[in-house]
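J.: Each chain, written out:
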Amino acid sequence: MTEILGVPLQVLLGQLLIGLINGSFYAVLSLGLAVIFGLLRIINFAHGAQYMLGAFAAWMGFSYLGIGYWAALFLAPLVVGLTGIVIERTMLRRLYKFDHLYGLLLTFGLALVIEGLFSNFYGVSGKSYAVPELLKGGVNLGFMFLPVYRGWVVIASLTVCLTTWFIIERTKLGSYLRAGTENPQLVQAFGVNLPLMITLTYGFGAALAAFAGVLAAPIYQVAPLMGTNLIIVVFAVVVIGGMGSILGAVLTGFGLGLVEGLTKVFYPEASNTVIFVIMALVLLFKPAGLFGREA
Amino acid sequence: MRDFMLKLGEPRILWPLLFALLIAAPFAFYPVFLMKLLCFALFACAFNLLVGYAGLLSFGHAAFLGTAGYMTGYLVKVQNLPPELGLLAGTAAAALLGYAFGALAIRRRGIYFAMITLALAQMVYFICLQIPQTGGEDGLQAVPRGTLFGFIDLADNLTMYYVVLAIFVSGFLIIYRTIHSPFGQVLKAIRENEPRALSLGYNTDRYKLLAFVLSAALSGLAGATKTLVLQLSSLSDVDWHMSGEVMLMTLLGGMGTVVGPVLGAALVVTLQNYLAGVGGYVTVIIGAIFVVCVLLFRRGFAGELARLLRPGR
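One line per chain: the protein sequences are Z and P, in this order.
Sequential numbering of the first sequence, starting at 0, is according to numbering that gives the first Met the number 0.
Sequential numbering of the second sequence, starting at 0, is according to numbering that gives the first Met the number 0.
Hints were generated in silico from the structure; no laboratory data involved.
Be aware that one or more of the hints could be misleading.
To be verified - In the BS3-like style, the derived pairs of lysine-lysine whose C-alpha atoms are separated by at most 30 Å in a straight line are: (1) P:Lys187 / Z:Lys96; (2) P:Lys35 / P:Lys76; (3) Z:Lys285 / P:Lys76; (4) Z:Lys171 / Z:Lys96.
Predicted model only: the values in this text are computed from it and were never measured.
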């Protein structure tokens, strides 16, 4: 068997694949955070809870209403996005004139409420969610065995990331969004309904998190606390990449997933902490982040 | 009534009154509960020094509380060191960790600062989970309280209470003096307008770092004391929920007020004591208080009270 640095090639590739999957989630989640941060200037701590809500929406839809995976992939983000819109309209909106840190504190409180409620109703142990019929099984690539669903996760996240990039960087709507980020007063003076755009942006960010949640449902256990630890890692990813660029957030997400996978092979003890160590190093040598343009 | 309240609010009357209440308290309440409360009050005051006066929202203060607790617990229990050395070492460990955190985190501002401290604290959590000295999931249990300076036996709850009270009052006075010193004024200037403070010739990064280290060290002192009081240090002290709790205490009591965090800590610890029966709903209730506080009550109790009593200011 082929070995690289004393590690069987298959083990290495297997971990790299897991890293790529984790990276997909990092990418979609940090993309959502970046989109929300761009216009609202707040960090959405509830992002992890919204990811969990997406997974739970898929699970509940199937268990109670018999809604399948493909419908859930659209319905769960829609539902979670709508709750996001309600949150923005009723609560977040009141805080824009104060320090942006209050937005972080509010969403932190919301995350505690949401996760606390789900823990009470469903317990902390996970529910399993079946892989859809179409994506069952795997393909033998010759050098390794690839479960189809895992490949689908990577492709689906990449598609969503690139679509979001296209909307924001290449369409008229996106140019309004970017202008709103640069100079909200001026954009409003041109007659753009900025408050509505802010509301929809938050809803879209929440929907992205929920989409990642549905993708994750068949791979990980659907559990009330599945989002909390993940979101802290995603914060580190966001600090490393900097929130200035969308493609930067996506690249950093995938890249760090791979690094984490490699760490699992060569030094498993550090796999939990490697991303935080990288964050510390990036802060030392390039404080604005790899793709950041913060002053 | 308002005149009476105003008179009570005068420092000459207020402080001796509060101090007398704290001395008499163990005869009316359970001492261990009071000690826990004082530890969290010191923790919240140390946190408030940073967020309330320097405008730096740290989301990772649990790391200092927990690390100091583990350090003290390990030295006192496994190395059989006397409690005063344990407390000192715990505080020093937190200060060092604070230096490392601070040096990294002050490179970014605002929202990034919060995320960096949170991520670094999570790293500390994983390290505490993995290294053998902390006892992993079990934590360090049955930490002996020992004999302070060789002649004060801390096994007695009442004796322990007065030691904790002395620690709390010293920590509180350090914070009080810091806030009202020229150093504290510079911190406030940085909070209000950092570029301006910079242009006036203040090396703002050094001020922020020093404030961070001081806050971390005092949080560590609180954590070390807490370990001796409860004879236990566990993973929940380094968990990010703990960072959230100290934020809630400070927010609820009043950010940037001197007594606010003490009030907030008293409220949250009492609440947790009473809510112990409802189990999992504690998180929900704490989260809901967070939301209500942020939406309607940003000044906190001490801030709102001060505004009621002195409407002119």
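J.: Determine for every hint whether it applies to the structure shown.
T.: Here is how each hint holds up against the structure:
no. : hint               : in the structure
1   : P:Lys187 / Z:Lys96 : holds (21 Å)
2   : P:Lys35 / P:Lys76  : holds (20 Å)
3   : Z:Lys285 / P:Lys76 : violated (42 Å)
4   : Z:Lys171 / Z:Lys96 : holds (28 Å)
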